[in-house]
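The whole structure should be built from the sequences, with the hints applied where relevant.
Heads up: the sequence lines are chains H and C, in that order. The first sequence begins at 1 in our numbering and counts up one residue at a time. The second sequence begins at 1 in our numbering and counts up one residue at a time.
The reader is advised that the hints may include incorrect statements.
If several chains are the same, the list does not tell them apart, and a pair holds so long as it fits within one copy or across any two.
Claimed, not checked - Think about it this way: if two alpha-carbon atoms lie no more than 20 Å apart in a straight line, the pair counts; the simulated DMTMM-like pairs of lysine to aspartate or glutamate are: (1) Lys286 <-> Asp230; (2) Lys283 <-> Asp211; (3) Lys106 <-> Asp177; (4) Lys286 <-> Asp211; (5) Lys270 <-> Asp230; (6) Lys283 <-> Asp230; (7) Lys283 <-> Glu128; (8) Lys286 <-> Asp222; (9) Lys283 <-> Asp203; (10) Lys24 <-> Glu133; (11) Lys286 <-> Asp207; (12) Lys106 <-> Glu83; (13) Lys283 <-> Asp207; (14) Lys24 <-> Glu6; (15) Lys286 <-> Asp203; (16) Lys44 <-> Asp230; (17) Lys89 <-> Asp114.
Bear in mind the hints are in silico, worked out from the structure with no lab data behind them.
Okay, here's what each chain looks like letter by letter:
Number of protein chains: 2
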Amino acid sequence: MSRYPEIAIIGLGLIGSSLARVIKSKSLCDRLVLFDADVEVREKAVALGLGDVVADDIAQAVAAADLVVMAIPVGAMANVAVEIAPYLKQGVVITDTGSTKGSVIKDVSPALPDHAVFIPSHPIAGTEYSGPESGFATLFKDRYWIVIPNGADDADTETFKGFLSATGAIVESMDCDYHDKVLAITSHLPHLIAYTIVGTAFDLENDLQNDVIRFSASGFRDFTRIASSDPVMWRDVFMNNSEAVLEMLQRFNEDLSYLQRAIRWQEGDKLEGLFTRTRDIRKRIKDAGQLDD
Amino acid sequence: MSRYPEIAIIGLGLIGSSLARVIKSKSLCDRLVLFDADVEVREKAVALGLGDVVADDIAQAVAAADLVVMAIPVGAMANVAVEIAPYLKQGVVITDTGSTKGSVIKDVSPALPDHAVFIPSHPIAGTEYSGPESGFATLFKDRYWIVIPNGADDADTETFKGFLSATGAIVESMDCDYHDKVLAITSHLPHLIAYTIVGTAFDLENDLQNDVIRFSASGFRDFTRIASSDPVMWRDVFMNNSEAVLEMLQRFNEDLSYLQRAIRWQEGDKLEGLFTRTRDIRKRIKDAGQLDD
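Now the structure itself:
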């Protein structure tokens, strides 16, 4: 197990506050300093006792840190990197928890000083809830935490991966572009689709909309859960992984048109064929140990 | 609470076997006769002790029934109605549990004798599992069970609704076309979308497909659950509610194109605007008491 003398977490939403909780509960550093741009969130963090110190400004938060975690929407990474850059100490490791990696590397790398080591990462974990009160110490347990090596020294990378493992996560290295492609299909596109269909229901005439809510069947209910995820975080994801998302969306649209045509022309065998194949994928995810139920 | 002297259930999948369980556990009839076209399913029903009698032919199953429940895929309704018609006793109430109501009324009504009372219905309840072993007695508890009056006598309808209430369901009457429209958006379209996106992932090149399964994030995992629902049941749903599904699909496609364009043109405000509105729908479903969590 690796630990750091001092860790700073910037951003105390679901991810940042969950990380703070597991760091404290497993004693993964000597001193945990927290910061959030929102004063109300900082007050909540104090009330919840999430860290050793809740700093009032970002410079103070990172000044003595050996590891800085930027747990903020990917659209905010560039500015935060610029803000913290002058205060970082020699040899500090910087990471982020963003769901897009190409954009974060592009935004953050130029801002950081040479004496900082940037190792981008992404915990594949989350719920539809946001804010410091929604975090919990076991959020990362048995979930993948992807690390993008990004040219860092092996020693730095191994220490960092050891720290992530200590949170309970399964740590894997991955190429940046490949990460963005995998996440586009497993996470970004499903969220886009869920947001769309719930929006479609929202725009129905009034009576029908009310009954959609009353008689909400299980398919739609699941979509509303996904579509209640943090709007700013997800706006930023689509703005920053647009290429991979648009590519997957095009494939999805082709496949949907095929089914649409099969419905219009009453070609039941085409539907049944696909519906049978998709069952198999579920089984394989279960076999990979990545189902909660 | 209304009950019937004798009830026959045709089709012992998730819905039929759950209904059998709740009928037995609450003693909602004197004699419960079960039938399934599949001999293996009948054997399982015997082993599970689901009814008083598991009949070997459908004529024998319905001959003395005061209520016949057709819990079968909607594409099988027409044939089963023809098969049971000659054996139905005077005044018997026939219902079905299909997810499309216009097609079932069209398929079943002409086949039934005048001395039978057809009251179509639809329990808005289910899981992704199928088969007699997947049913459970509380499946309908606090879920809506929609009744289409379909010109039946008030007395017959009230007795039937009283019986459905006794299963634990919340019973509501609804117009047939309206039902099919509401279900198209709350259930049928979400299933179609989930099947599509899981299919899209299935067709990815091999390495990527494996990693999609390994790193399956929460959005995609939910979709795979929906997309592991019974293929024949769902094929029939799309074949039999094609008009309403295609109408909703068109709206969905328009809305998705709007978001796709917003991503391509980096219009983050449009995305954030929608993502904020969709949160509200979730809250209203929760307020309506239709969330499990």
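A quick look at each hint next to the structure:
no., hint, in the structure
1, Lys286 <-> Asp230, "between (27 Å within a copy, 18 Å between copies)"
2, Lys283 <-> Asp211, "between (34 Å within a copy, 15 Å between copies)"
3, Lys106 <-> Asp177, "within (12 Å within a copy, 53 Å between copies)"
4, Lys286 <-> Asp211, "between (34 Å within a copy, 14 Å between copies)"
5, Lys270 <-> Asp230, "between (37 Å within a copy, 15 Å between copies)"
6, Lys283 <-> Asp230, "between (29 Å within a copy, 14 Å between copies)"
7, Lys283 <-> Glu128, "between (24 Å within a copy, 12 Å between copies)"
8, Lys286 <-> Asp222, "both (18 Å within a copy, 12 Å between copies)"
9, Lys283 <-> Asp203, "between (35 Å within a copy, 16 Å between copies)"
10, Lys24 <-> Glu133, "within (16 Å within a copy, 45 Å between copies)"
11, Lys286 <-> Asp207, "between (40 Å within a copy, 18 Å between copies)"
12, Lys106 <-> Glu83, "within (16 Å within a copy, 68 Å between copies)"
13, Lys283 <-> Asp207, "between (39 Å within a copy, 18 Å between copies)"
14, Lys24 <-> Glu6, "within (12 Å within a copy, 63 Å between copies)"
15, Lys286 <-> Asp203, "between (36 Å within a copy, 19 Å between copies)"
16, Lys44 <-> Asp230, "within (18 Å within a copy, 46 Å between copies)"
17, Lys89 <-> Asp114, "within (11 Å within a copy, 87 Å between copies)"
Consistency note: the structure conflicts with none of the earlier hints.
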